[in-house]
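Undergrad: So you can see what is in the structure, the chains are spelled out below.
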Amino acid sequence: MKNKLLSLNIASKTVNLGSHKIALLDKIDLQVHEGEFISLMGPSGSGKSTLLNCIGMLDRFTDGGYTFLGEPVHSMKEKNRSRLYKEYIGFVFQAYHLIDELTVYENIETPLLYKNIKSSERKAMVADMLDRFNIVGKKDLFPMQLSGGQQQLVGIARALIGKPKLILADEPTGNLNSKQSDEIMELFAQLNEEGVTIIQATHSESNAAYGSRIINLLDGKIV
Amino acid sequence: MIKNYIKIAWRSLKTNRLFSAVNILGLALGLATTLLLFLFILHERSFDSMYAKKDRIYRVLLHTTEEGIETWAQVPSALSPQLTEHIPSAQQSGRLLKNDYGGNAFIKAGDNILTESKLFWIDPSILDMFDVNILSGMGAKALTKPNTILLSKSTAKRYFGSENPLGKTLTVDNRNTFEVKGIFEDFSEHSSLQFNAVVPIMMRQEAKHPSWGNASFETFVMLNSDTGNLNDIDQKLQNIIDSNVEKEQQWYTFSLQPLEQIHLQSSAYTDSYLENYGDISQIKNLTILGILILIIACINYMNLITARSQKKAKDVGVNKTLGASRTQLILRFYVETGLITAIAMILGGLFTILILPSFNNIVNRNLEASSLFSLQIFVFLGFIWLVTTLISGSYPALYLSRFSPKDALKPTSNKGIMASFIRKGLVVVQFSASVVLIVSVLVVRQQLEFVQNKNLGFNPEQVIAISTTAVPDVATNHALVNAFKKLPNVSLISRAQGYPTVSVSLNSIYKPNSDVGMSVNTNLAEHNIVDILQLKLLAGQRLPSHKQDGDSLVEVLINKTALDFLGYTPEEAIGKKVEANLGNNSYIYGVVDDFNFASLHKPVGAYAFHNTVTKGNYNYLLVRFKNQNLATTVSEFERTFKSIATTSAFQYAFVDKNVEHLYQKEQQMAKVSLLFSILAIIVACLGLFALAAYMAEQRQKEIGVRKVFGASVPKIVQLLSIDFMKLVLISFAISFPLALYIMNQWLQDFAYRVTISWKVFLITGCLVLLITFITVSYQAIKAAIANPINSLRTE
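Chains as they are written, first to last, in UniProt numbering: chain C, 1 to 223; chain F, 1 to 795.
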C-alpha cells in the first residue's frame with residue numbers, strides 16, 4: 001500500500017435553511033492513498049461537488065476530521081489551508097474557468113506567478129507543459145479561440161503546472177462531446193499512471209470506468 | 001507580477017470597448033473639470049502675490065453710514081496725508097485717481113492721437129510701495145514735480161514707436177502738457193493695479209486743496225512689519241475722522257483691506273479704479289461643483305465595475321484557486337483602476353486644452369494651455385490620480401477580493417446587494433444635481449430675457465453717446481453740435497453730462513422747507529434729452545431749447561420718484577422751487593415718468609435733468625440716429641467728429657450695448673450653469689447607463705424566464721425602465737424645492753424679477769425623463785431582444 005494522502009473521519013457538512021438543518025454531507029469516512037484515481041458518482045444534489053470543494057479546502061466540513069498529508073486540516077487557520085492547497089492541489093472545472101484576458105501560455109503560467117517562481121524557471125516549466133500536451137502552436141491564442149476540448153486541455157495543464165499531488169476535477173467533461181471527453185479521460189488515466197492522485201466527480205459510467213475506485217454518493221452519504 | 005496585472009487590465013479594456021469608453025470618458029470629464037478649476041483657482045489666488053511688501057499693504061475702504069450701508073473702495077483726498085501723520089505704524093500712504101474719475105484720457109503724442117484707458121494721477125509713494133521697476137529715466141521722484149509723466153514700456157512703444165520716449169512731450173485731454181521722465185516695466189497680468197501712464201496727483205485741485213467730502217481717491221497705506229499693528233486701527237481711523245469732520249457731517253467710517261484680499265473679495269464694493277476683480281463666492285461655487293463632478297465620476301466608475309461584477313467575481317474565484325492571495329488581488333484591481341485613471345487623466349488633459357478657450361470666455365480670464373505643463377500642475381495631477389485611483393478602485397479591490405473562491409465561482413450568487421441602495425442613492429443625487437442645474441439655466445435665461453425686454457421707461461436703441469471731454473474749447477464744441485445737426489442720419493442731438501447706465505452727479509434733494517433729504521442723480525442736459533431717450537413727460541415741458549450764458553435761473557426736470565418724495569402731484573410741482581444743490585434759483589419745469597437709469601438690480605431712484613450753465617461742461621454728445629447700419633453710422637460720425645475736433649480721439653458707446661453690459665455677471669452665470677449642467681448630465685447619464693447595464697445583467701435570468709412564458713419585448717423594456725423612472729421621480733421630489741429655493745435667492749439680487757413658473761419644472765422634468773429613457777432603453781432593449789436560451793442555460 002502506498003502512503004496515505006488524505007483521510008476523512010466522520011466528516012459532515014450541514015447548512016441552515018431557515019429553521020431546518022440540512023446535511024449536505026453526512027458522516028463521510030474516506031481514506032485516499034497516493035496514486036489512486038477515484039470517481040465520485042451519484043445523481044445531481046448528492047453532494048459530489050460539495051465533497052470536492054471540502055477536500056480542495058475551498059469549503060470546510062462543519063463536523064468531523066480531515067487530515068491531509070498528516071496535517072489536521074479541520075483545525076487549521078484559513079491562511080495555512082490556503083498555503084496547503086496552493087502547494088498540493090490542482091483544480092479542473094467543468095466550465096474550464098480560464099482567464100479570458102490571458103493567452104494559453106499566460107493562463108498556464110499564472111499559478112507559478114502566485115508562487116513567486118523565477119521568470120527563467122517559469123519559462124522552462126510552461127514550455128515543458130505545452131510540449132507535453134502538444135499545444136505549443138496554440139500558446140498565443142486566447143481561450144475564446146479554442147474548442148471546448150482544447151480549453152479543458154489548457155485547464156488541466158494549468159492545474160498540473162504547480163506539480164500537485166492531487167487533482168480535483170468537477171465534471172471535467174460535462175461540457176464536451178464524447179470524442180473530446182474520451183481524450184480528456186485518456187489524459188487523466190495517463191497522468192494517474194505517472195503518479196498523480198485524481199478525484200473526479202462524474203455522471204458518466206464510462207468516465208468512471210477510467211478510475212481505479214468508484215464512490216457512490218446519495219443524499220450526502222456514501223452508499 | 002505588476003506587468004502581468006497591467007497586461008490583464010489592458011486586454012480587458014480592449015475587449016470591453018463600450019464599457020471602457022464610457023468609463024474613461026466619465027472620469028476624463030470629471031478630471032478635466034477639476035483641472036480647469038484648479039488652473040483657474042491657481043490663477044485667481046496668484047493675484048498681487050508678486051509684490052514684496054504685499055503683507056504690509058492695505059487699501060482704505062469707506063463705509064457709508066446712511067441710506068443702506070455701502071462699501072466704497074475710494075475715500076476723500078484729505079485722508080491719505082493724515083494716515084502717516086496720525087497712525088504710528090503707517091510708514092507710507094498714497095492716493096490714486098483715474099483720469100476723469102474713471103474715464104479715458106485722450107493723448108496727443110506727436111502726430112498720434114490715442115485713447116488711454118489706464119492713465120492715473122498718483123502720489124509718488126504708490127510707486128515705492130508696489131516696487132514699480134523703473135527701466136530707464138527717473139522713478140517716483142519725477143512725480144514730485146508737475147507736468148511729468150511716466151509710461152510703461154509697452155505704452156511708450158504705442159505712443160512713440162521705436163523712438164526714445166524720454167524727454168518727449170505729450171498732452172492729455174488737450175489741457176495739460178507732460179514730459180516723459182521715465183519708463184517702468186509693464187504690470188504683471190496678475191496685478192490688481194494696472195498703470196499704463198502715471199502723472200503727479202499734486203497737479204489736481206482736489207489734491208492741492210484736499211477735502212473730506214469728495215470720496216474719489218483710492219488710497220493705499222503700508223504699515224511697518226510689526227505684527228499687532230492692526231490693533232485698534234479702526235479706532236485710530238475714527239480719531240482721524242473725529243478730529244477733522246464735524247459729527248453731523250460724518251457720513252462714513254473707514255477700515256483697511258489687506259492687499260491679498262483685494263482681488264477676490266472686492267466684488268461687492270462700488271467705486272474702484274482697479275480692474276480684473278475676481279469673486280470669491282464664484283470660486284467657492286466652482287470648487288464645490290468641480291469636486292462634486294469628480295466624486296460622481298469616481299462613483300460612476302464603481303458603478304461600471306459592479307455592472308461587471310459577475311465576471312470580476314469569477315476572476316477572483318479562479319485566481320484564488322490558482323493560489324492568489326487577497327493582497328495580490330487588491331493590488332491587481334488597483335493596478336487596473338490606476339491604468340484606467342491614467343488614461344482618463346491624459347484624455348482629461350486634452351479635454352482641458354480643448355475647453356480652455358470657452359472657459360476663458362466664460363470666466364473672462366486668459367488662462368494659457370502652456371501653464372498646464374508646470375510642476376505645480378504635475379504634483380496636483382499626481383495627487384488627483386492617486387486619490388481617484390484609491391476611491392474608484394476601492395469597491396473591486398476591497399469588496400470583491402474578499403469573496404471566498406467557492407462563493408465567487410457560484411454562477412448565481414448575488415454579489416453586492418448591500419451596494420445596491422448606495423448605487424441607487426447615487427443616481428438620485430446625480431439627477432437631483434442635474435435638475436437643479438437645468439432649472440437654474442432656465443431661470444437665469446428667463447430673467448435675462450425679462451431684463452432685456454422690460455420697458456425701461458426710455459428707449460436705448462439707436463442712441464449713440466460720443467465722448468466730448470477732450471474737445472478743447474467751447475467754440476469747437478459748438479461747431480461739433482452744428483455739424484452733427486446737419487447730418488441726414490441724425491434725427492436728434494443733445495449734449496449731456498451723462499446718460500442712463502453712466503453715473504452722473506450725486507446730490508441731495510430736500511423736501512420743501514425741511515432738511516429731510518434724499519439722494520438724487522443730477523444730469524446737466526439740453527432741450528432734446530427727453531426726446532432722445534424717449535422719456536414720458538407727465539407734466540410741464542422739456543428743458544428750454546435756448547439758455548443765455550450768465551442766466552442764473554435753473555430749470556429742472558425731475559422724475560416720478562423725486563416727485564413722490566417731494567409730495568406733489570405732477571401738475572402742482574411745476575414752477576415750484578427745488579432745493580437740490582443746483583443753485584438758489586432752481587425751479588421744477590417738468591416731470592418725467594420713472595425710467596431705469598441704472599441696472600434692474602436696483603429700484604429706480606430720484607433723477608433730475610437740469611441746465612445749470614457751467615460753460616458747456618458736458619461730457620457727451622447724445623445722438624439719436626436713423627440708419628440701422630451701425631458700422632456706417634459709426635464711420636460717418638467718426639469722420640465728422642475728426643474733421644472738427646482734430647486733436648481729439650473719437651470715443652463712443654451705443655446706449656443699448658451699455659444696458660446689456662449691466663448684466664454681464666448674469667450672462668456669465670448663465671454660461672457657467674449651462675456648461676456645468678451639460679457636464680453633470682453627461683456624467684449622470686454615464687452612471688445611469690452603468691446601472692442599467694448592471695440591472696440588465698442581474699435580471700438576465702428573470703428576463704429569460706419571462707420571455708419563455710410569453711412576455712413581449714416592449715413589456716420587458718417597460719419592466720426594466722420603470723425602476724429608473726422611479727429613481728428620477730424621487731430626484732425630482734428632492735431637487736424641485738431645492739432649485740426653487742436657490743433660484744429665488746438668486747433672484748433677490750434684482751429689484752425687478754420674474755416669478756419662477758411651474759413651466760420651468762415641467763420642461764426640466766420632461767427633458768430629464770426623456771434623457772433617462774433614452775439612456776436606459778438601450779440596455780433594456782438589448783436585454784429584451786436577447787435569446788432567452790442563452791440566459792437560461794446553466795453550466
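For the record, the hints were derived by calculation from the structure and aren't laboratory data. A couple of the hints might just be wrong.
Partner residues aside, some chain F positions facing chain C, computed with beta carbon under 10 Å [stated by the list, open to error]:
| hint | residue |
| --- | --- |
| 1 | N4 |
| 2 | K7 |
| 3 | S12 |
| 4 | E185 |
| 5 | K314 |
| 6 | V318 |
| 7 | L322 |
| 8 | G323 |
| 9 | A324 |
| 10 | S404 |
| 11 | K602 |
| 12 | G704 |
| 13 | R706 |
Footprint (simulated), chain F over chain C, 3 or more residues, beta carbon under 8 Å [claimed, not checked]:
| hint | stretch |
| --- | --- |
| 14 | 3 to 10 |
| 15 | 21 to 30 |
| 16 | 113 to 123 |
Built from N, CA and C at the ideal position, the CB exists for glycine as well.
Undergrad: Each hint: holds or not?
TA: Hint by hint, here is what the structure shows:
no.: 1; hint: N4; result: holds, 6 Å
no.: 2; hint: K7; result: holds, 8 Å
no.: 3; hint: S12; result: holds, 5 Å
no.: 4; hint: E185; result: violated, 60 Å
no.: 5; hint: K314; result: holds, 7 Å
no.: 6; hint: V318; result: holds, 5 Å
no.: 7; hint: L322; result: holds, 5 Å
no.: 8; hint: G323; result: holds, 4 Å
no.: 9; hint: A324; result: holds, 5 Å
no.: 10; hint: S404; result: holds, 7 Å
no.: 11; hint: K602; result: violated, 66 Å
no.: 12; hint: G704; result: violated, 18 Å
no.: 13; hint: R706; result: violated, 25 Å
no.: 14; hint: 3 to 10; result: violated (count 0)
no.: 15; hint: 21 to 30; result: violated (count 0)
no.: 16; hint: 113 to 123; result: holds (count 3)
The structure fails to meet hints 4, 11, 12, 13, 14, 15 from the earlier list, while all remaining hints are met.
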